[in-house]
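All chains should be built: construct the whole structure from the sequences, respecting the hints.
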Amino acid sequence: MDKWLRLLVTTSSALTLILLIGIVIWLLGHITHTLLIFSLGALLAYALDPMVEWLRRTGVGRSKRVPSREMSVAVVVCSILLLFGFGCWSLEGHLVTEMRVLHENGPRYHEHLLRLASGVDEKLSAAGVKFSLTGAIAHPPSEIKALGARAGREALPALGHVFGALGESIIVLLIAVYYLIFGSGMRSGFNAMLPEDLRTRVDLWEDDVNRILGSFVRGQLLIALVVGALAAVGCLALGLHLWLLIGLLVTGAALIPVFGPYLGAIPAVLAAAASPTHLHNPVAAVCVILVYFVIINEVGSKILYPKLVGEALGLHAVLVLFVLFAGLELAGVVGVLFAAPLTALTIVSVVHLYRYWQDLPDSSLADAAQRAAKQHSDKRITEKE
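In my numbering, the protein residues as written are 1016 to 1400.
Certain hints may be false.
[As the list claims (entries may be wrong)] Quick list of simulated restraints, FRET-style, between CB atoms:
| no. | residue 1 | residue 2 | range |
| --- | --- | --- | --- |
| 1 | H1045 | F1101 | 36 to 46 Å |
| 2 | E1313 | L1034 | 39 to 49 Å |
| 3 | R1071 | L1034 | 40 to 50 Å |
| 4 | R1071 | A1346 | 34 to 44 Å |
| 5 | L1042 | V1090 | 34 to 44 Å |
Hint data in this document are derived by calculation from the structure and do not stem from the laboratory. No residue lacks a Cβ here, since even glycine has one placed at the ideal position from N, Cα and C.
So this is what it looks like as structure tokens:
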């Protein structure tokens, strides 16, 4: 009787939990914009938190006096705003010039691309290949048109709603400041209300969440900045007039894990084919750009990503790629940005809940993922030797 009663209680509890989760998801679906703003504020707080902690560890002045957390947050935020303002002021002229050049020379670039495509078509026809690159450029397939239209519908409104309005940008910054100052106190207050036997498990789960989100945000942001800067420097060295605009586009695209940098290479390739360069040969310029972007993308995906992001998430690259495409299909651009960390958080939460449900000893999954990644890396180094 006890066995069947336990089964009934377990089944009822599981169904109730599923129902509650469904209700919560339904409610959250009606406040997606508010959730997006608070999520961006939390991500910004995760990105700035290491600088706040570093300032508190090193101290200020000759006496190395440890500043309060509020003072550290104020110094970091003001420094970031000053740096951002200086960057906008110093690069504004270049960016405006590049936008004007792109607007004025856009038709000429398009005609130049068609002439290059016509030459490629002649060579393909001589080789017996029945494909018209000129026709594909002038009249792209309906699938590509639909994909471009969808990307335009989703990307521009997302950027416009979140960062286009000054008021919402200020709200995001204020939310990040609030998290930075009061986040630890909110966590302590919440944990103090929990039963003693549950508090340790919740502490471990919160540590895993903080490490996963923090490593993902800081790592992905650093990768995007490095790849974008390298792309801008490479395009400038090649003589592309749109080097700054390309660098900004690559930085934004590189925020998408795994295949984002490759998307950012598309405008660089088109610019190299259509605009003048130091090489005075569009084919050579395109080849140089392709090789250069493959190198910097490999550096970002094979060296920086595993070290800065992959070890913290504990997800295989194939699984990351799958959840990215799933996120794109479910929620567009926003889904791509949040797919990988949300998947990792879901896995961590399910494992912790399972251990609690089965009364198993708990431990940090983030530590286990980092140890496994380090062992895998050491094994690969040993095999190469």
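- Query: Is it true that L1042 and V1090 lie within 34 to 44 Å of each other by Cβ?
  - Reply: Taking Cβ atoms as reference, L1042 and V1090 lie about 38 Å apart, which means the hint holds.
- E1313 versus L1034 beta-carbon gap, inside 39 to 49 Å or not: Holds, since E1313 and L1034 (Cβ atoms, about 47 Å apart) stay within the stated range.
- Regarding R1071 and L1034, is the given constraint of 40 to 50 Å on their beta-carbon distance met? holds, 44 Å
- Message: Just to be sure I understand the hint, the distance between the Cβ atoms of R1071 and A1346 should be within 34 to 44 Å; is that true here?
- Response: holds, 37 Å
- Distance restraint evaluation - H1045, F1101, Cβ atoms, bounds 36 to 46 Å: holds, 41 Å
Going down the numbered hints, you'll see the structure goes against none, and every one checks out.
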